[in-house]
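Asker: As a plain string of letters, each chain reads:
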Amino acid sequence: MALLEVNNLDVRFALRQGDVHALRDISFSLERGERLGIVGESGAGKSVAAFSLLNLIAKPGFIAGGTVTFDGQVLNRMSERGLRKVRGNRVSMIFQDPMMTLNPVLSIGEQMVECLKAHRRISSKEARAIALDKLQQVQIPSPETRLDQYPHELSGGMRQRIIIAIALLLDPDIIIADEPTTALDVTIQAEIMALLLDLCEQHNVGLILITHDLGVVSQVTQRMLVMYAGRVIEQGPTREIINDPQHPYTQGLINALPQMATPGEKLNQIRGSMPSLSNLPSGCAFHPRCDFINRADGQPRPACTQQVPEFVESGNCRVACHMVAELLEDRRLKEVTS
Amino acid sequence: MIAFLIKRLMHAILVMFVISVLAFAIQDNLGDPVQQMVGQSVPESEREALRERLGLNDSFLIQYVRFAKNAVQGDFGDSYFYREPALEVIARHLPATLELVFAATLIIVLFSVPIGVYSAIKPRSPISRLFMGISIIGISIPVFLTAIVLIQIFSIGVTVTLFPESTGWGAWLNAFFSTEGNMPSFGRGYDLVNVVGNWDTNLATWNGLQHLVLPAVSLASIMLPLFIRLIRAEMMEVLQSEYVKYARAKGISMRRVYFVHALKNTMLPVITVGGVQIGTMVAYTILTETVFQWPGMGLMFLDAINRADIPLIVTYLMIVGVIFVVTNTIVDLIYGLVNPTVKLTGKPA
Chain A
1 MALLEVNNLD VRFALRQGDV HALRDISFSL ERGERLGIVG ESGAGKSVAA
51 FSLLNLIAKP GFIAGGTVTF DGQVLNRMSE RGLRKVRGNR VSMIFQDPMM
101 TLNPVLSIGE QMVECLKAHR RISSKEARAI ALDKLQQVQI PSPETRLDQY
151 PHELSGGMRQ RIIIAIALLL DPDIIIADEP TTALDVTIQA EIMALLLDLC
201 EQHNVGLILI THDLGVVSQV TQRMLVMYAG RVIEQGPTRE IINDPQHPYT
251 QGLINALPQM ATPGEKLNQI RGSMPSLSNL PSGCAFHPRC DFINRADGQP
301 RPACTQQVPE FVESGNCRVA CHMVAELLED RRLKEVTS
Chain B
1 MIAFLIKRLM HAILVMFVIS VLAFAIQDNL GDPVQQMVGQ SVPESEREAL
51 RERLGLNDSF LIQYVRFAKN AVQGDFGDSY FYREPALEVI ARHLPATLEL
101 VFAATLIIVL FSVPIGVYSA IKPRSPISRL FMGISIIGIS IPVFLTAIVL
151 IQIFSIGVTV TLFPESTGWG AWLNAFFSTE GNMPSFGRGY DLVNVVGNWD
201 TNLATWNGLQ HLVLPAVSLA SIMLPLFIRL IRAEMMEVLQ SEYVKYARAK
251 GISMRRVYFV HALKNTMLPV ITVGGVQIGT MVAYTILTET VFQWPGMGLM
301 FLDAINRADI PLIVTYLMIV GVIFVVTNTI VDLIYGLVNP TVKLTGKPA
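Chains as they are written, first to last, in full-length UniProt numbering: chain A, 1 to 338; chain B, 1 to 349.
Take these hints with a grain of salt, some might be off.
[What the hints assert, rightly or not] Only pairs whose alpha carbons sit at most 25 angstroms apart, straight line, appear in this in silico PhoX-like list of lysine-lysine:
| no. | chain 1 | residue 1 | chain 2 | residue 2 |
| --- | --- | --- | --- | --- |
| 1 | B | 264 | A | 59 |
| 2 | A | 85 | A | 117 |
| 3 | B | 343 | A | 59 |
| 4 | B | 245 | B | 264 |
| 5 | B | 122 | B | 7 |
| 6 | A | 85 | B | 122 |
| 7 | B | 122 | B | 264 |
| 8 | A | 85 | A | 125 |
| 9 | A | 85 | A | 59 |
| 10 | B | 245 | A | 85 |
| 11 | A | 59 | B | 69 |
| 12 | B | 245 | B | 7 |
| 13 | B | 343 | B | 264 |
| 14 | A | 117 | B | 69 |
| 15 | A | 117 | B | 343 |
| 16 | B | 7 | B | 69 |
Quick caveat, the hints were computed from the structure, so don't treat them as lab data.
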């Protein structure tokens with residue numbers, strides 16, 4: 001059994017107009033030391049997925065079904081008390097915007113020490129020593145003075161280093177990083193990402209990297225999920241998905257990378273925008289934006305507008321697309337007949 | 001820090017100057033002080049002589065300059081009624097008012113923080129809704145009405161005969177809703193303890209405390225609901241913030257998340273508002289002290305207005321202005337201690 005296993009996770013938000021399905025049927029697993037990428041546009045449900053792993057989604061959100069199993073324990077059926085022992089201790093998180101993540105009125109040292117003391121019976125002095133050691137590991141200049149400083153005295157890059165240090169404080173098994181470099185200056189994005197990966201490697205920490213940067217995902221993760229409107233539409237080994245994307249949406253995402261465009265031409269884009277979760281299109285949620293909805297005979301495929309696609313296995317990947325399913329079926333029939 | 005305090009001192013002087021000019025400007029509309037000072041049988045010629053002696057016939061400017069010259073030397077003139085220095089009269093009444101304001105502030109702090117925090121953490125619970133409902137009523141009822149209702153219930157007493165006395169439960173309910181009404185509602189009581197100089201305290205004896213309860217509660221009745229709602233609104237906003245989510249993700253206890261991470265940020269704007277409101281409360285004491293005949297500055301001020309005791313009125317207004325500046329300075333100092341992003345300087349922000 002893998003270290004982290006997510007099965008058919010279903011998350012809803014109870015709103016006045018009725019429940020809104022934020023995540024449907026999410027399943028994946030993570031081995032010790034493995035790196036998994038979750039990509040998708042804004043609003044695809046990436047962050048909700050990240051927060052629901054530790055049951056941290058804010059009301060009115062709730063986990064309506066499925067399981068998150070970590071090291072044999074089902075996290076979403078645990079008490080708050082039990083969950084607290086996992087949060088920040090065995091599974092820690094890195095948030096998107098370092099300017100908003102640290103509490104402005106508490107010193108860096110206090111915010112590090114409280115985390116250690118919540119999980120271990122140690123003195124403040126010992127906790128400070130550990131905090132100092134972690135600050136050194138994230139290569140912050142003059143770490144001793146940082147402990148007594150407040151967040152507003154530090155730059156965004158430094159704050160994200162501190163948040164990485166806090167994530168590593170208790171030597172966790174998994175770090176969930178929700179767009180850890182999005183809010184940073186482009187010049188230090190690569191630096192922070194390299195630091196994070198380096199430290200994960202050194203300590204054999206599993207990483208769930210949530211991002212919309214396909215470049216980063218392709219370079220650093222072993223497996224990836226592509227999300228669209230609260231569903232996973234393609235998942236598998238990163239290299240296979242990047243080299244040979246099956247789902248039209250994944251193809252669109254990769255085509256939209258600036259380096260895929262012909263110099264002098266307009267950049268490629270996926271037309272339209274992500275639908276609202278409370279008002280999803282019928283059938284495949286992507287069909288209004290899909291370029292492959294028509295069959296070879298020029299007629300739109302009725303299944304795309306009527307039926308939610310099931311996952312089909314394609315090589316080592318799983319894809320939720322009627323077109324892909326049809327292609328695979330054709331290929332299978334040919335093999336059978338020949 | 002020193003620059004900050006010096007700047008605040010200049011503020012105080014400016015405030016006192018402006019208030020004194022304004023107070024002097026309205027004195028002609030307050031009636032004739034001489035009328036209050038002498039008997040009806042005193043002939044007009046003697047009245048005129050008295051006016052001349054008091055300098056009331058001089059022009060506004062000359063009167064003001066004469067006052068300002070003395071005021072700079074610490075002499076704010078003699079009260080017409082008490083026939084002693086106005087500052088001494090105020091100094092005699094000041095402790096009673098400050099004790100009343102202190103007691104009301106204590107009530108506000110002790111109740112607004114827990115209730116505000118609770119109703120922010122559990123906004124949908126029936127208890128929170130009850131508190132919110134009561135607080136709306138509390139804000140909308142004027143202080144003097146609250147005071148009169150309190151006196152009726154707790155000093156005079158209420159006998160309820162609404163339920164049938166013949167049944168057991170009716171008698172019980174009647175007894176439950178009836179009040180004995182033995183709380184004192186007049187003055188400061190007989191059992192005051194002298195602390196230092198002219199400061200006699202209500203806080204040292206049971207009788208003194210009993211006398212303090214009703215005035216303090218009615219003085220707090222406007223501000224308490226205001227602060228409950230303010231703390232609740234601020235806390236609810238802070239609870240939505242990223243750093244509170246992050247604190248939860250670190251696995252620290254909810255108690256620490258609420259009372260260290262959230263409450264500290266909640267209190268920043270509350271402290272600022274609180275400073276202004278303490279000054280306002282000194283002004284509200286005029287109503288409370290009148291209803292309860294509390295011998296403080298507020299009651300003294302109302303009497304001074306009735307008697308057209310201009311030196312006392314002007315001095316009172318200036319002292320209240322200084323109290324405003326002083327409380328705001330103290331609040332800014334506290335704010336600087338709580339909020340690490342603030343540095344106190346003499347420069348304008």
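Asker: For every hint, state whether the structure bears it out.
Answerer: Quick rundown of the hints versus the structure:
1. B:264 <-> A:59: holds (23 angstroms)
2. A:85 <-> A:117: The given pair, whose Cα atoms are some 12 angstroms apart, holds under the 25 angstroms limit.
3. B:343 <-> A:59: violated (37 angstroms)
4. B:245 <-> B:264: At roughly 15 angstroms apart (the allowed maximum being 25 angstroms), residue 264 (chain B) and residue 245 (chain B) satisfy the hint.
5. B:122 <-> B:7: It is violated: about 43 angstroms lies between the C-alpha atoms, which goes past 25 angstroms.
6. A:85 <-> B:122: holds (24 angstroms)
7. B:122 <-> B:264: The given pair, whose Cα atoms are some 18 angstroms apart, holds under the 25 angstroms limit.
8. A:85 <-> A:125: holds (22 angstroms)
9. A:85 <-> A:59: Distance of about 21 angstroms is within 25 angstroms: holds.
10. B:245 <-> A:85: holds (16 angstroms)
11. A:59 <-> B:69: With Cα atoms ~66 angstroms apart, residue 59 (chain A) and residue 69 (chain B) exceed 25 angstroms; violated.
12. B:245 <-> B:7: violated (40 angstroms)
13. B:343 <-> B:264: Given that 25 angstroms is the threshold and the Cα spacing comes to 17 angstroms, the pair holds.
14. A:117 <-> B:69: Violated, because 64 angstroms separates the two Cα atoms, which is more than 25 angstroms.
15. A:117 <-> B:343: violated (31 angstroms)
16. B:7 <-> B:69: Holds, at roughly 23 angstroms.
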